[in-house]
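Undergrad: Chains as they are written, first to last, in the working numbering: chain X, 1 to 417; chain E, 10001 to 11074.
If you're looking for bench data, these hints aren't it; they were derived computationally from the structure.
Possibly wrong hints are sitting among the right ones.
[To be verified] With a Cα cut of at most 27 Å, we get these calculated DSS-like pairs of lysine-lysine: (1) 10111(E) - 385(X); (2) 10905(E) - 253(X); (3) 10888(E) - 253(X); (4) 10173(E) - 385(X); (5) 385(X) - 10185(E); (6) 10864(E) - 10216(E).
[What the hints assert, rightly or not] If you want the ones that stay clear, here's a sample from chain E, every Cβ over 10 Å from chain X, calculated: (7) 10196; (8) 10264; (9) 10521; (10) 10768.
Using N, Cα and C, we set each Cβ at its ideal position, and we do this for glycine too.
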Amino acid sequence: MPFKFVHAADLHLDTPFRGVATQGPLLGRFQDSTFRALTRITEVCLRERVAFLLLAGDLFDVKDRSVRARLALRRELGRLDAAGISTFIVHGNHDPLSGDTGALGLPPSVKVFGPDWEEVEVKREGRRLCRVQGISYPDVEVRDDLSARFRRTGDGFSVGLLHANLGGAEGHANYAPCTTAGLGSRGLDYWALGHVHTRAEHMLPGGGVAVYPGNPQGRHANETGPRGCMLVEVEDGGMRRRFIPVDGVRWHKLEVPLSGVSTLDGLLATAMEGVEARCAPELDGHAVRLTLTGRGPLHRELARPGALAQLEVDLREQLARSHPPVLLESLRDSSRPEVDLEAVCAAGGFARTLLDEVGFLAEDPAALARLWEEEALGALSQRLKRLGVDALEAPRAEWVVQAGLHGVESLHEEETS
Amino acid sequence: MKPGLRIDALRVLGFGRFSGLTRDLGPGLHLLYGPNEAGKSTLLAFLRSMLFGFEKRGQPERYEPAHGGAFGGELTLTTYAGPLLVRRIASRRSSEGELSVRDAEGKELSKESLESALAHVSRELFFDVFAFRLDELAGFERLTEQRGASEALVAASMRGARRLPEVMDQLRKSTEGIYKPNGVKPSLNETLKALEDVQARLRQEGDRPARYFAEKERLGALVEEQRTLEAELLETGTGLERLTRLEAALGDVAALAQARAELATLPALETFPEAGESRLEDGLHRRRSYRAEGARLAERLATVEAGLERLSAPSGVRGREEALNQALAAYTEGAALLRALPSRRAAVAEKQRQVELALRELGLPVDGPGLLALDLSVSVRVTLEELALRLGAAEVAHREADGAWARAVSERERLDGALARVNAELSTLPEERASRIRQQQAGLGRLRTVRAEMERLSEQRAELHRQFESVRTQGEPQATAAVLPTWWVPAVAAVVVALAVTAWLLAGNVVGALCLVGGLLLTGVLELARRRVETARDADVEAQRARQRWRQQEEERLRAALLGLSAREELLHRELLSAASEAGLNLVATAADMAAREAVLADALERAGRREQLQRERETLHAEHTAARREEHRASEAVGEAESRQEQLGAELTALLSERRFPPTLAASAALTLWRDAAALRQRLLDVGAEEAALTVDAQVCALVTSRLWAEAVVAELIPGATEARELDAGVMEPLASRVAAALEAERAQSLERRTLEERRHELRAEKARLDGLCHDEEAALATLLAEGGSADEETFRRRAAQARRYVELTGRTRELSHRIEARTGLSETLARQALIDVGGEQGLRVELESLRDRQAEAQDRLKAVLTERGALSHQLEQWENDDALAKLRIVEESLRARASELAKQYAADRLTLALLARARRRFEEEQQPRVVQLASEHFAALTQGRYQRVFIPTGEERELRVGDGQRDWSAAQLSRGTREQLYLAFRLAVVRDFGETRGALPLIVDDVLVNFDPERARGAIHLLAKLSEHQQVIAFTCHPWLRDVFAAEGARVQALDASTSEPPAPVSVLKTG
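Required output: the full structure, derived from the provided sequences and hints.
TA: What follows is the structure, encoded as structure tokens:
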């Protein structure tokens, strides 16, 4: 019997947005965006008459913080319940069970998987449509490969619902690590994964597929582009997947080239044009991170103290007045002096000595670690970690390379000034 | 050596004690020699200041002139980019002074051009290494410090690291601004602190959802409890209400029982007339008042009857009122006439006497009746008046005719005189015509015009003639003939050939050919030149011909113009002749003749005009004279006519007067006056007669009236004792009339009173009858009322009425109480009573009520508490549901985290860059040191004559300069002062040389740095400087003669410097600042 289901993950309901002022009209739009995304997922379910909804962890940004998030989830799942649509939930690292069943106040058609493997059959008119298996995180840190506990138990379409890091994706904590081979070996047809916020599909050995739908609402400048959920149609053992964007507020990263721009007004106009071209009018709002690139007559003017900050303020004001409003997350200057590194090395001199030093450190982790400690960056790293700030976790060779380049550029710039 | 910079000349405008000092320098070694206080250190400071700016204000080395004036100077430099003129003048804006750099052409250059010429050496490095004093020589420690000249040294001598110190400084500032491990102010420290605070606040908020759901459950329990309490309260309230009502009705029940008992004691009085007592009293009262009113009426009726009786007494006047009234009225009417009769009679007699007197005075021969008989009718008067009028008119006409005749005579005489005068004047004037004279004047005017025209023509003719002559005489030089005749060319060619043949014969083929070729070429050139000249000549000839043609045309035109002028002249001449003959002058008359002739003609014209005027006047006078004669004749005729008419009218008047018995000699006007007076007198006579007749009539009327009144008064018995009428004059009749009037008035008053009293009696009688009727009715009504009340008399009735009132009252009260009981308890009286009995009577009721009230109060208190708690809880939950404070806190936390992350990355990047730069610098120093140190070793060995062979800087943190002699080594501090200074000098010279080789050769300026050297080592040092000066400029200062000699021996250019070198400031000519 053909059926449809929707797979969403990482709702991060009531997530706090960076760079949004705690006052002003934009705050409301951003704070509501995760709730609106959930509402749109519900609407997709109702419109497509799906059999069930899968939520693969991290429903809440922080589980014990937002009453509104709990109530919103209850309300939307109540609507699905009223329409006869079941919901399957696993909890992830952001909203682990931690003693809470997670089902507090949820309607009866919602199944929240516990810390142990469970399987539930989905039936329609007395006939089984498919099987859904899942495990919730009992605590924040789950370092075991939870996928190993999944298994095919019988014929028919089988779905595994799990919050996990497949293939050690970068930028995400390596919780419940698993591999495509491992998932493939479990023999399931569809792995509904959560945790990685960027949409991805992994074909598994043995014919299954593991899907990250991404989060339905981008939360910061590194989560750009359309965000949404995955609509899966299963018919005769085959399946069709369709991504449906549900985000209300969209993030963008834009580069504004300085070349050919001679005045600050011109730069403002260029930036505004770029932003307007990228920001679709049908959304509730947009947030952009602008990066000035290249080199032009304005470079020296922007190098004046406070000039960039003033430009950022002006741009932010102008963009906030757009329709829909656009939040300027930040304005960054990556316009670089044109340094021909090869020529610098070939010419010798101090820059060559500097780059030699960089090469030495980049290739010798021990020396780099020593330097890291000498500069007291380790202690700072520990302090940052305690406060939940993701920065300076460990010394990285590319930082040294960047620092070297920075040094060369500074000296070069001074030479030419 | 790389090309760098050299000071060619200095010019001090004002610096310290110097003003206007100039010195020429140049390549090589220079020594400025002077005693102490000659200003050597000042000059060193001047050179430093010119290149790098003045010291800050207040610093001793600023050397601002103590007495004001210009502060600054100029340097003439030679650089790899060409000569520069550097000028620095003190400025208010900058303590460093205003710098201007110009090239050889005086063109302003950027300040960077000086920095560039100085190979971007830093101020510190230049001051430490290139231009230093003795005390600075010993301060070498600065070079080995972590910062300062060491970095500057690296920067200066290493390509790509020129501004390393600045970059490192910026990075240090940046990192310190971002984070300090134990800091508070840096931005990352602040951010982390804020983050900690926010997280602490978030922790305080706890697990909000868990609390929310727990509280929600508690809210449910409270709602349930509230429902229970409300039900209980409802039940208690109902019971309480029932009992409260019963309690409220307790008093009413008792009162009702009492009323019913009293009612039972009263007889049946339901049919007792309503308000019987008051009705009885009202009836009685009305009856009494009717009776009293009847008595008062009877009294008033008796009074009226008595009055009527009094008025019915007899009277003489009564019955004769009409006749008396008429007689009295007739008398009253004629009374005035009666009183006037005597005076009127006297007046008539007087008038008659006056008329008679007037008649006598009139002078007519008639008396009164005769006057009346005269015909004084209007027609006579009109005839008389007409005659008088016609006589007057005839007289006036006569007078006018006389006047007209006299005027005509005088006018004729005046005209006779005027004619005689005009004729006399005419006889004196010659006979000449004015038109003739005017013609002569016109001729004279034309003569003048023609003469002027002729003069103008002769001028034009002269001008044209001159032009004509000039055109005719304007000759053209003939075009030059050909410069070279054509035959010259073949002739020259022939000569050339001949010469070529000669040359061939004499010098051979080649020379011959060359000569031939040369000659032919020359011939060709000659031919070319000739042709060009010919062409030019042809053009000239053509131009000349064109000019010739133009001249001929011009001659023709002028000749035609001259002919035209001659014809015109002829015409004018003829005109001149006619004008002269017309003017009466000959052709040769001069201007004076013409003026005299003009004056004569003007005079003649005036006299001719006068004669014409007089002739016209004479004619006019003649006509007037004729008219005057005719007028005179006509006037004399009119006078005759008037006289005859006057005579005729006088005869007519005389006839009329005699006919009317008037004196016939009277003039018309006097006759008319007499007539008028007679007519007036006759009218007065007639008036007096009429007045006498009227008086008689009035006297008769008065006698009739008085007699009638008298008779009536006698009849009415108003004249006691007199029955006969006597002379009834006014004196008798006036009192009688008054008496009659008074009697009539009294009678009228009595009659009026009687009528009034009768009317009153009638009214009173009718009123009495009405009252009697009312009294009777009232009696009947009272009897009926008593019968209704079942009483025989009024007393019984009153007693029964009191009982009936009480009966009604009690009945109403019982009804009211029953209703109240029902309203309060909702029960009928019986049921209420039964209920009371059920709760145990009043006592039982109160006990029950008390207990119910307690229960209700308790339940209410609890409900209130539950409601309060529920409200607070709902509010709290609602707040949590909609609270965005937590969300905001989390945004702040997230933003702070992001900022902390950014700052930390920036900090790490800056720290790493800084560390990398430091490591690179160390490595550079280690690798590059041998070159500088090797040079320093060489210099130091030379300075110490090989005593020390090695200078080195050991690696490690201690940045120390050490020396060795091959066996052992010493730190600089361990050396003697002189040797230590030699070491530092050697090191500096090494840096200077290295800098010169890698960056650019800069001048070395030393101020008496050799004083602590022994003569041998000093010579060595000077030798080193001299060697160095082969590549770069060296300027030394000293005050020691022996050093001067050594410098001189080494080839230094020595210039003396003493106090007398101060020169007056020259005007600033090259550069202007500001």
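Undergrad: What hints, given by number in increasing order, does this structure fail?
TA: 1, 7
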